[in-house]
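K.L.:
Line by line, the protein sequences are chains E, D and R. Taken in order, the first sequence gives residues 1 to 263; the numbers are from the numbering used here. Taken in order, the second sequence gives residues 1 to 308; the numbers are from the numbering used here. Taken in order, the third sequence gives residues 1 to 269; the numbers are from the numbering used here.
Treat the hints with care, since some could be wrong.
[Said to hold, decoys possible] Distance condition first, Cα-Cα at most 25 Å in a straight line; then the derived SDA-like pairs of lysine to any residue: (1) D:Lys142 with R:Phe100; (2) D:Lys131 with R:Arg32; (3) D:Lys142 with R:Val189; (4) R:Lys269 with D:Thr165; (5) E:Lys20 with R:Ser182; (6) R:Lys36 with E:Pro183; (7) R:Lys269 with D:Arg78; (8) D:Lys142 with E:Arg92; (9) R:Lys269 with D:Gly41; (10) R:Lys269 with D:Asp75; (11) D:Lys61 with R:Val189; (12) E:Lys90 with D:Thr133; (13) D:Lys131 with R:Val37; (14) E:Lys93 with D:Gly140; (15) E:Lys93 with E:Ala200; (16) E:Lys93 with D:Ser138; (17) R:Lys269 with D:Ala96; (18) E:Lys93 with D:Lys142; (19) E:Lys93 with R:Phe100; (20) E:Lys20 with R:Trp183; (21) E:Lys219 with E:Trp236; (22) D:Lys131 with R:Tyr31; (23) R:Lys36 with D:Arg130; (24) E:Lys20 with R:Lys269; (25) D:Lys131 with R:Ile34; (26) E:Lys93 with R:Phe96; (27) D:Lys142 with E:Ile89; (28) E:Lys90 with R:Met92; (29) E:Lys93 with D:Arg78; (30) D:Lys142 with E:Ser170; (31) E:Lys90 with D:Gly41.
[Said to hold, decoys possible] Footprint (simulated), chain R over chain D, 3 or more residues, beta carbon under 8 Å: (32) 51 to 63; (33) 100 to 106.
Just so you know, these hints were derived from the structure itself, not from any lab. All residues carry an ideal CB built from backbone N, CA and C; glycine is no exception.
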Amino acid sequence: MIATLTRARRTVEAELIAYKRTWRGTVISSFVNPVFFLSAMGLGLGSLVDRGQGNLSVSYLTFVATGLMAAIGMQAGAGDGAHPVMAGIKWRKEFHAVITTPMNPGDIVVGRAVWGTIRLTFIMVVFTIIAGLFGAFDVGTALMAIPPAVLTGIAFQTSMTAFTATREDSTSLTTIFRFAITPLFLFSGTFFPIANLPQAFQWIAYATPLFHGVELVRKIALPGIVPPDVTTLPIWVHFAYLGVMLAVGITLAARFLDRRLRP
Amino acid sequence: MTENLVEARGLTKTFGSFTAVDSIDFDIRKGEAFGFLGPNGAGKTSTMRMITTVSPITDGKLTVFGMDPTTEGRDIRRRIGVVPQEDNLDLELTVAENLYVYGRYHDMPRATIRERIDELLEFAQLTDRRKNTVESLSGGMKRRLTIARALINDPDLVILDEPTTGLDPQARHLLWERLYRLKRQGVTLIITTHYMDEAEQLCDRLVVMDQGKIAAEGSPSELINRYSTREVLELRFAEGEQDEAVLRLDGLADSSEVLADRVLLYTNDAESTQRGLHERGVHPEQVLVRRSTLEDVFLKLTGRRLID
Amino acid sequence: MSVSAPTRITPVGKMSDFRAQRIWERNLLVYRRIWKVIFTGFFEPVFYLLSIGIGIGALVGDLTLPGGHIVSYTAFMAPALMATSAMNGAVMETTFNIFFKLRFGNVYQGMLTTPLQPRDIAIGEIGWALFRGSLYTGVFLLVMWVMGLVESWWALMTIPGAVLIGFAFGSVGLAACTFMRSWQDFDLVSLATMPLFLFSATFFPIDVYPPAIQVLVQFSPLYHGVELLRSLTLGIFDPSILGHIAYLVVMGLIGATIASRRLDGLLRK
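Using the sequences provided together with the hints, build the complete structure.
P.N.:
Rendered as structure tokens:
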């Protein structure tokens with residue numbers, strides 16, 4: 001375990017070196033995107049919702065800001081586990097180079113997860129502070145919801161890595177984004193309470209990981225929120241769901257990547 | 001009388017302050033295989049691009065099939081086939097589709113293209129690959145496909161920019177054999193290369209280019225006769241002995257060339273030169289006797305080797 | 001081998017000099033194989049529409065538009081999604097896909113050794129992006145109709161309307177593409193399209209913005225696209241529709257001119 005973590009650190013170091021060249025674009029977008037999204041969705045659309053017929057227990061800005069924390073985590077994580085992994089396997093083939101050193105495919109998976117945690121934490125801290133400035137919530141309380149948002153992201157990152165490792169080309173990546181990630185983004189409670197969904201779809205929503213991420217963030221960041229804007233499920237259920245998903249994700253990603261890189 | 005397909009007078013190409021092609025003259029006759037020989041950066045590709053009308057000429061005069069590339073580019077391109085230095089096959093299409101779309105770019109009727117594809121795939125020995133993606137082809141196959149693509153419109157003139165660079169020896173020989181066939185069918189070929197053996201194999205006439213200028217012109221054997229001797233001795237010495245040995249070679253051969261790793265002696269009688277070496281007490285580690293090649297011509301003309 | 005018995009191939013007639021359709025033939029071959037990707041692309045805007053229809057629409061309820069008309073939020077939002085998807089489709093096609101062909105595949109360099117010219121490529125690729133965009137629009141319109149969101153027969157005109165949006169964004173996208181040096185520059189593309197999506201009176205009527213911002217929004221090309229399609233699907237017209245059309249036409253023409261000139265310079269050095 002210790003050895004794995006030490007070797008995983010090499011992956012983080014390599015990512016950091018690569019990041020030195022591209023950080024400007026990502027840093028700008030991690031500041032600019034929250035501002036854009038929160039003002040359009042939270043303030044603009046929010047003004048319609050708050051005077052509309054929805055009767056949320058919190059303002060729409062608050063509702064969307066917390067939902068977005070988990071959803072952004074998912075999107076960043078899933079994105080990280082898709083095309084960059086395909087590039088490492090097939091296009092730029094840097095994973096093939098890495099495993100000629102003492103590094104194993106499993107070390108790559110763990111290393112990228114650690115790196116993803118660092119990067120997501122940064123994105124989340126920035127987002128939380130900006131959302132706090134918008135008046136979405138109390139920053140002090142909301143910061144505690146960052147770990148679950150990051151956990152959601154990493155669970156998606158590792159699972160997506162496992163999926164990518166089994167795929168021949170990027171067409172299936174496009175498909176999974178269109179038919180899994182986008183619908184999750186739109187229907188897992190980020191933009192409206194899942195109580196608004198037809199009953200049958202609510203049960204499907206319970207099964208989706210982003211739902212648990214969103215619930216967890218809201219329950220931790222917003223002590224004032226009440227059903228039906230959130231469900232009555234206890235917090236540990238959400239943690240357990242995401243924790244299991246992460247464990248399975250890492251295990252499968254390591255196995256599939258190994259099979260792919262060392263057939 | 002022979003017809004000239006391409007005529008250039010004072011042809012010049014500059015990019016900013018850099019002169020890639022510096023006022024060159026040449027004629028390419030119908031039915032011949034004409035070579036442009038020179039190292040990378042000599043101006044060969046720029047010249048090719050002007051002939052194919054994709055690069056505007058800076059100065060001088062150029063006609064292709066008697067037409068002006070500036071104003072009649074489209075009509076010129078109807079009658080030529082181009083094999084660029086780097087394969088630019090359409091990776092999103094299959095082998096056969098690559099040929100098909102080029103036929104359409106040339107406004108050919110679909111039925112004609114389909115017949116032509118069968119012929120060309122056979123010519124390129126890719127018949128069993130017709131439905132494969134381009135990505136799955138080997139380097140040699142890709143090159144043959146690019147050549148087949150250049151032939152789709154049954155061109156009068158085929159322009160090949162370094163057709164065999166980067167291929168393994170077997171693939172090169174196969175490609176040469178296919179180009180021979182074309183030549184025998186009367187297709188005019190323009191070939192650029194930095195390989196001497198390729199120029200000697202394929203070209204009826206060639207020009208040697210260096211730094212944008214034409215350094216010499218003629219058939220391979222003419223050039224060898226004019227600028228070199230019949231035979232060449234290549235001498236390799238033990239570590240550190242070359243400098244001292246060179247001093248004793250004076251007057252032994254018609255001329256000599258001292259390179260970093262060996263010494264070349266140009267002579268019409270290798271045997272007597274070898275005897276001379278012995279008599280002067282020069283003992284190289286290795287002596288190789290070979291025929292003179294275009295490489296020697298180039299070395300003589302420019303004092304540099306073609307490929308470093 | 002019958003290269004040895006060549007049949008003289010005469011080009012079919014001299015025709016006009018128009019050859020952009022050859023680019024279409026090529027793209028059609030490619031798309032025939034990746035139709036699944038194209039097909040599944042239809043779902044994305046539909047998912048958005050459903051999410052808004054089921055969820056957000058229920059939160060918002062009905063809207064009173066500046067002119068006094070009352071419409072459901074979903075009916076308000078649907079044409080905006082249509083316009084956005086026309087924009088995104090055209091921009092993706094003319095930046096991402098064409099950047100690849102231009103810088104990596106050298107596909108265009110090859111085409112130019114045939115009778116094709118840079119102008120044919122520019123017109124062909126923009127035209128293709130429009131064709132693809134109008135397919136998406138057609139399907140989206142059908143879904144809107146099924147969901148009862150179409151108020152007027154004028155809605156059929158959203159197809160040419162979306163083509164106009166595609167033309168405006170596609171030609172500017174192509175022009176921008178000729179300036180791009182690396183994949184990194186694509187961050188800038190989303191940095192431009194994302195705020196357009198969020199702030200072009202897409203999610204909420206323009207009178208929700210503070211007055212100063214309202215002026216700014218009117219510069220956004222997507223705003224004009226959204227308003228154009230919204231008039232058509234809601235069947236609410238006023239003279240400003242001519243202004244929206246004019247804006248998009250001028251934008252498209254400027255983009256196409258720059259794109260064609262830049263392509264010529266890039267490809268014929």
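K.L.:
Each of the hints needs a verdict: does it hold here or not?
P.N.:
Each hint, compared with the structure:
A hinted pair counts as satisfied when its Cα atoms are at most 25 Å apart, and lysine 142 of chain D with phenylalanine 100 of chain R qualifies at roughly 19 Å. The hinted pair formed by lysine 131 of chain D and arginine 32 of chain R meets the criterion: a straight-line CA distance of about 14 Å does not exceed 25 Å. With a C-alpha separation of about 34 Å, the suggested pair lysine 142 of chain D and valine 189 of chain R falls outside the 25 Å cut-off, and the hint is violated. Of the pairs offered as hints, the one joining lysine 269 of chain R and threonine 165 of chain D holds, with about 23 Å between alpha carbons and a cut-off of 25 Å not exceeded.
Between lysine 20 of chain E and serine 182 of chain R the alpha-carbon distance is near 17 Å, which keeps this suggested pair within the 25 Å criterion. For the hint linking lysine 36 of chain R to proline 183 of chain E, the alpha-carbon distance of about 18 Å falls within 25 Å, and the restraint holds. Pair hint lysine 269 of chain R plus arginine 78 of chain D holds up; C-alpha atoms about 20 Å apart against a cutoff of 25 Å. At roughly 21 Å between alpha-carbon atoms, lysine 142 of chain D and arginine 92 of chain E fall within 25 Å of each other, so this suggested pair holds.
Taking the CA atoms of lysine 269 of chain R and glycine 41 of chain D, the gap is near 16 Å; set against the 25 Å cutoff, the hint holds. Proximity of lysine 269 of chain R to aspartate 75 of chain D is assessed by CA-CA distance (about 20 Å); at most 25 Å being required, the pair is judged to hold. A hinted pair counts as satisfied when its Cα atoms are at most 25 Å apart, and lysine 61 of chain D with valine 189 of chain R does not qualify at roughly 44 Å. Our distance criterion of 25 Å between C-alpha atoms is met by lysine 90 of chain E and threonine 133 of chain D, whose separation comes to about 16 Å.
The suggested pairing of lysine 131 of chain D with valine 37 of chain R holds, with an alpha-carbon distance near 20 Å, which does not exceed 25 Å. Among the hinted pairs, lysine 93 of chain E with glycine 140 of chain D is consistent with the structure: their alpha-carbon atoms are about 23 Å apart, no more than 25 Å. About 44 Å separates the Cα atoms of lysine 93 of chain E and alanine 200 of chain E, which puts this hinted pair outside 25 Å; it is violated. With a C-alpha separation of about 19 Å, the suggested pairing of lysine 93 of chain E with serine 138 of chain D holds against the 25 Å cut-off.
For the proposed pair lysine 269 of chain R and alanine 96 of chain D, the alpha carbon gap of about 30 Å is over 25 Å, so the pair is violated. Our distance criterion of 25 Å between C-alpha atoms is met by lysine 93 of chain E and lysine 142 of chain D, whose separation comes to about 22 Å. At most 25 Å may separate the alpha-carbon atoms for a hinted pair to count; lysine 93 of chain E and phenylalanine 100 of chain R meet this at roughly 19 Å. Restraint check for lysine 20 of chain E and tryptophan 183 of chain R: the C-alpha separation of about 16 Å stays at or below 25 Å, so the hint holds.
Restraint check: the Cα-Cα separation between lysine 219 of chain E and tryptophan 236 of chain E comes to about 11 Å, which is no more than 25 Å; the hinted pair holds. Between lysine 131 of chain D and tyrosine 31 of chain R the CA atoms are separated by roughly 16 Å; this keeps the pair inside 25 Å, and the hint holds. The suggested pairing of lysine 36 of chain R with arginine 130 of chain D holds, with an alpha-carbon distance near 23 Å, which does not exceed 25 Å. Our distance criterion of 25 Å between C-alpha atoms is broken by lysine 20 of chain E and lysine 269 of chain R, whose separation comes to about 34 Å.
A threshold of 25 Å between alpha carbons decides the hint, and for lysine 131 of chain D with isoleucine 34 of chain R the separation of about 15 Å falls inside it, so the pair holds. Of the supplied pair hints, the one linking lysine 93 of chain E and phenylalanine 96 of chain R holds, its CA atoms being roughly 22 Å apart against a limit of 25 Å. Of the pairs offered as hints, the one joining lysine 142 of chain D and isoleucine 89 of chain E holds, with about 24 Å between alpha carbons and a cut-off of 25 Å not exceeded. Restraint check: the Cα-Cα separation between lysine 90 of chain E and methionine 92 of chain R comes to about 23 Å, which is no more than 25 Å; the hinted pair holds.
The suggested pairing of lysine 93 of chain E with arginine 78 of chain D is violated, with an alpha-carbon distance near 41 Å, which exceeds 25 Å. Under the criterion of a C-alpha separation no larger than 25 Å, the hint pairing lysine 142 of chain D with serine 170 of chain E is consistent with the structure, at around 23 Å. Annotation: proposed proximity of lysine 90 of chain E to glycine 41 of chain D is violated, straight-line Cα distance about 33 Å (limit 25 Å). Figure legend: the region 51 to 63 of chain D, annotated as covered by chain R; annotation consistent (4 residues with Cβ-Cβ distances under 8 Å, at least 3 required).
Chain R is given as covering the region 100 to 106 of chain D, and this holds because 6 residues of the stretch bring a CB closer than 8 Å to a CB of that chain, at least three being needed.
In summary, the structure is inconsistent with hints 3, 11, 15, 17, 24, 29 and 31 from the numbered list given earlier, while agreeing with the others.
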